[in-house]
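Number of protein chains: 2
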Amino acid sequence: MALAQHALRLEQGRSAADAPPDRASGRSAPTLFPAATTTRRRVVIVGAGFAGLEAAKALAGSPVAIVLIDQKNHHCFQPLLYQVATASLSPADIAWPIRSILRNQRNADVMLARVNGVDRDRNVVMTTAGEIAYDYLVLATGATHHYFGHQEWEKAAPGLKSIEDATRIRSRILKSFEAAELARDLQTQRCLMTFVIVGGGPTGVEMAGAIAEVARQTLRRDFRHIDPSEASIILLEAGPRVLAAFPEKLAGSAVRALEAAGVDVRTGVQVTTCDEAGVLASGERIAAGTVIWAAGVKASPAAEWLGAAHDRNGRVAVNVDLSVPGSDNIFVIGDTAAASFEGRPVPGVAPAAKQMGRYVGRLIGARIGGNAAIGPFRYRDYGALATIGRRYAIVKIGRLELTGLAAWLFWSVVHIYYLIGARNRAVVALAWIWNYLTFQRGARLINS
Amino acid sequence: MALAQHALRLEQGRSAADAPPDRASGRSAPTLFPAATTTRRRVVIVGAGFAGLEAAKALAGSPVAIVLIDQKNHHCFQPLLYQVATASLSPADIAWPIRSILRNQRNADVMLARVNGVDRDRNVVMTTAGEIAYDYLVLATGATHHYFGHQEWEKAAPGLKSIEDATRIRSRILKSFEAAELARDLQTQRCLMTFVIVGGGPTGVEMAGAIAEVARQTLRRDFRHIDPSEASIILLEAGPRVLAAFPEKLAGSAVRALEAAGVDVRTGVQVTTCDEAGVLASGERIAAGTVIWAAGVKASPAAEWLGAAHDRNGRVAVNVDLSVPGSDNIFVIGDTAAASFEGRPVPGVAPAAKQMGRYVGRLIGARIGGNAAIGPFRYRDYGALATIGRRYAIVKIGRLELTGLAAWLFWSVVHIYYLIGARNRAVVALAWIWNYLTFQRGARLINS
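Protein sequence lines correspond, in order, to chains A and B.
Residues in the first sequence are numbered consecutively from 2, following the working numbering.
Residues in the second sequence are numbered consecutively from 2, following the working numbering.
Here chain A stands alone, though its shape is the one from the complex (with noise of 0.2 Å):
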């Protein structure tokens, strides 16, 4: 392959003895972009999700050399993804290209690579791409499906983090029915016909509530020997109640608005097999043709990197000012900091992310600066949204709680605020107003 052939070439060509010095740090390092930048202090940004894009335009104003890097070209907007993996939006819908958004910031620069290991003592990233040598770094690398130890689930049963999940799982939905339709015997059909959610948290409860919707409705009239309808869709949660994060009242009225749509919801299940076949849940063994893993989530290896002190979640440790400890020039933000705040972990959500984010690039630039440091990080909950099929959410902001058509409709108003990009915008509002209306889905494509 020549892009292959060509990126090896970069490799080989990026030695520290053909770069020159760094002389704002005074360190003669390997550069990627020599000449130019190197004039100004370097902050690398690693991630391009919520919590690094946060940061690299918090520094859109000061006077230095970002380079974020990713390994994707684009920004995936996570709180939509299993509108992807069902069939309701496309994944470009979501996504967008993250040079495009930093188009005219005119001190970043966005480089499409991955990140192998961090080398402190020479504050320099390893990338596929070659070294970068860095004065601030910003790790912001995101979490992973965890399995508790048993990575071999993954096969059997797929987790929803990218673009790429999404539309595998949504080809895996879609080629259950097919298959469905084509078996013989009633058992096969029903097994294939099984979808077991591991794992009530939101993304567990808005895939299981969209599952049920295009069983019952989406896909009701288009089979002739199966009926989609009589699909299992049975959500499995560990603990006493799903959607923790909630007040229990309104996780109540999310539980029966989750059977009315015809989940089944089972509490306090452990699930402790996952195969082909199916899952053993607290030593039931389901017969399903689809499982999707929606119970844990890992941090990326960023403590690995460091070889920083990291939680059981694999989230690395951090002073009140994100830094890590021993390091002061470099920040872990979003879900693969292990922040607290008031005593409280800062949860794994989008806000948070974004919060962090923009800490760090004015913590940054306030040192660049030369100004006075700023106080601790402070995290400001803004409460929290799920959403169950096509017109009921439940939304918890500070003592207001809604659930039924309303919070929908106000769940609907702050995702497509939320997204990048009028047009984005547009098709997304079009998707759902159209699904609202037809129970269709526009995006029922079996293409991995």
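Take these hints with a grain of salt, some might be off.
Chain copies aren't distinguished; within one or between two, either way the pair holds.
Below, a list of computed lysine-lysine pairs in the DSBU-like style, where the Cα atoms sit at most 30 Å apart [unchecked claim]:
# : residue 1 : residue 2
1 : K156      : K58
2 : K58       : K250
3 : K176      : K250
4 : K250      : K73
5 : K250      : K156
6 : K162      : K299
7 : K58       : K299
Hint data in this document are derived by calculation from the structure and do not stem from the laboratory.
We have chain A already, so just place chain B on it with the hints.
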């Protein structure tokens, strides 16, 4: 994998022994769908492109049992594939689930399977989901890329025939710019930013125009180390001119529009090698990071399945009623057929495919209804269209010839009109308006 296992079981389960006899034809044959449908004559249609879908629809009112088999779950609107390949549209915008299209046609069964062969003696189609007996068989399996005996070029120079092809080419184009941004030497950069399109028919012309627009407009300000508008887009045509199907004046006007858009149009150039480094074109080495093949198509292997006579492009020689010599219950339509009308070959375009599908559907319906025979197939030429960039097209309808913006508006309306489904029409119209106003493209995803 659970699904693979089930598919296997299906194949094993479908033996001739346990299937009921086909009452209509009096034969004992393995049937996919036992009971119910077997009291009616079964029409098996292979391929849900323009031709196959139209044949199924034309049989909507007939007392037949239709089985429409396709290896994909969606019908793809091929004329707009190049817009997926160049990041204007999302795959789902030009694809529609086949089941959904035929939802209300109760005599039609849709089956997701791949056909491997036909047994003309037993009147049976072999598929990955077992054998299926037919009373009438319609083969509408389309065409694929033709490398004129150099199938090994496919990897270096992919063609554009499916959604998967389109997303692969999209990733390739976008990755080239990303790699150029990271490249250190000018020569590598120049190679990565050179795009060669082989073949000057409508697909090649439309791809070249769209890539030029991506480079010169969409990406213009997104990079820091390269200037995407310096990209070379080279269109190579072996014949004396591009768009040979159009009158010389119209084609000449299109060439001027291509050149104004920044495409280097070279005619009379024979490509003799395609490899990772680029192409060898009439003895000249052109170093190119991306080569796209639009130089020719070859029919699907229907002729092999039938053991039928075919032309050098693999298209099955058919009778004037599109049946296969020797089998008056087997028809070949669309790009797989070498049909002719008034002494001239019927072209491989969507309107011709639809006309053939409609004709064969009506013919079978008439025969089953015991009506008088229908006359031979007549092709009606509605004209031809091609577009370059975001506001130029050429149109020829009978004696009417249009170029420029008026032609582009006409082209847009025609394509939106023929898309399936209100949602797709709205989304595509929106995408084009947005692209027209902003030069941006909404689907810049690298994901394969």
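Here's how the hints hold up against the structure:
For the homomeric pair K156 and K58, neither the shortest alpha-carbon distance inside one copy (37 Å) nor that between copies (40 Å) is at most 30 Å. Taking identical chains as interchangeable, the C-alpha atoms of K58 and K250 are never at most 30 Å apart, the minima being 39 Å within one chain and 52 Å between chains. For the homomeric pair K176 and K250, neither the shortest alpha-carbon distance inside one copy (37 Å) nor that between copies (49 Å) is at most 30 Å. Taking the shortest Cα distances, K250 and K73 never come within 30 Å of each other, neither inside one copy (40 Å) nor across copies (45 Å).
For a Cα distance limit of 30 Å, the shortest separation of K250 from K156 qualifies neither inside one copy, at 36 Å, nor across copies, at 58 Å. For the homomeric pair K162 and K299, the shortest alpha-carbon distance inside one copy (11 Å) is at most 30 Å, but the shortest distance between copies (40 Å) is not. In the homo-oligomer, the alpha carbons of K58 and K299 lie at most 30 Å apart inside one protomer (26 Å), although the nearest pairing across protomers, at 51 Å, exceeds that limit.
Against the hints set out earlier in the document, violations occur for numbers 1, 2, 3, 4 and 5.
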